[in-house]
Amino acid sequence: MLVLWSPVGRLVERGVDAHLAGMHRRQLADRNTALDRWQCRLLYGGIVTLGGLRYPEGAAVIDHYLHGGGRDLQLASDYIRRSPVVRRRLAALPLDQTAVVTLRQREDWRLSYALNPFRLRREAHRVVIYQWIAFDPRPAARTVLDLGLLRFTVPDGLVHVLHPRPYMARCEWPEESTSTTRGVLQR
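The opening residue of the sequence shown carries number 0 in numbering that gives the first Met the number 0; numbering runs sequentially from there.
If you are wondering where the hints come from, they were derived from the structure by calculation, not from laboratory data.
Note that the Cβ used here is the ideal one computed from N, Cα and C, for glycine as well.
Keep in mind that the hints are not guaranteed to be accurate.
Said to hold, decoys possible - If you anchor each label on the Cβ, the simulated ranges turn out as follows:
{"#": "1", "residue 1": "L34", "residue 2": "D95", "range": "49 to 55 Å"}
{"#": "2", "residue 1": "R30", "residue 2": "E122", "range": "21 to 27 Å"}
{"#": "3", "residue 1": "G69", "residue 2": "R13", "range": "31 to 37 Å"}
{"#": "4", "residue 1": "Q73", "residue 2": "G147", "range": "25 to 31 Å"}
{"#": "5", "residue 1": "R36", "residue 2": "H124", "range": "45 to 51 Å"}
{"#": "6", "residue 1": "D77", "residue 2": "R30", "range": "39 to 45 Å"}
{"#": "7", "residue 1": "D135", "residue 2": "R105", "range": "15 to 21 Å"}
{"#": "8", "residue 1": "T152", "residue 2": "D95", "range": "36 to 42 Å"}
{"#": "9", "residue 1": "R40", "residue 2": "R105", "range": "27 to 33 Å"}
{"#": "10", "residue 1": "G69", "residue 2": "A91", "range": "43 to 49 Å"}
{"#": "11", "residue 1": "V143", "residue 2": "D95", "range": "33 to 39 Å"}
Produce the complete structure using the sequences and hints provided.
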């Protein structure tokens with residue numbers, strides 16, 4: 000395990016980054032192999048299963064993108080309403096206004112895996128967050144996966160190997176309530 004914190008760990012990260020970028024280049028050229036598709040199923044299955052332990056909202060977004068059939072997804076507000084990014088932007092948002100919120104991953108890793116960028120709306124009696132989930136296929140769109148010991152970069156468009164269906168993700172809660180919604184998903 001100490002090897003992953005050493006320069007060898009950085010080599011592993013660069014190797015994974017290069018491998019995923021190569022798979023994405025093949026995907027963009029419509030030349031993915033059966034091995035590429037298998038590796039993508041393994042990668043995104045791992046993100047949903049293992050990532051869900053630390054980042055449940057992000058795992059729910061990916062799982063629904065791959066298996067939700069394009070139906071809307073309602074995320075629970077437990078974490079999202081307490082996010083420092085959401086609280087800061089909400090404090091500056093006038094009533095009946097909508098703001099587009101874009102964040103750097105390091106500002107809030109958990110929120111960035113679920114929604115980024117998203118729209119934040121403050122209404123008289125509720126707060127609404129929403130985002131159209133359709134990952135950008137361009138090579139410049141990337142997400143850093145922080146696994147603790149390792150960090151590697153996944154091209155956002157790589158998910159298109161698995162033919163996801165775009166959908167609207169939403170989260171809302173009463174403006175003046177302090178109660179929380181239980182669970183990660185509400186359906």
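What hint numbers does the structure not satisfy? Violated: hints 2 and 10.
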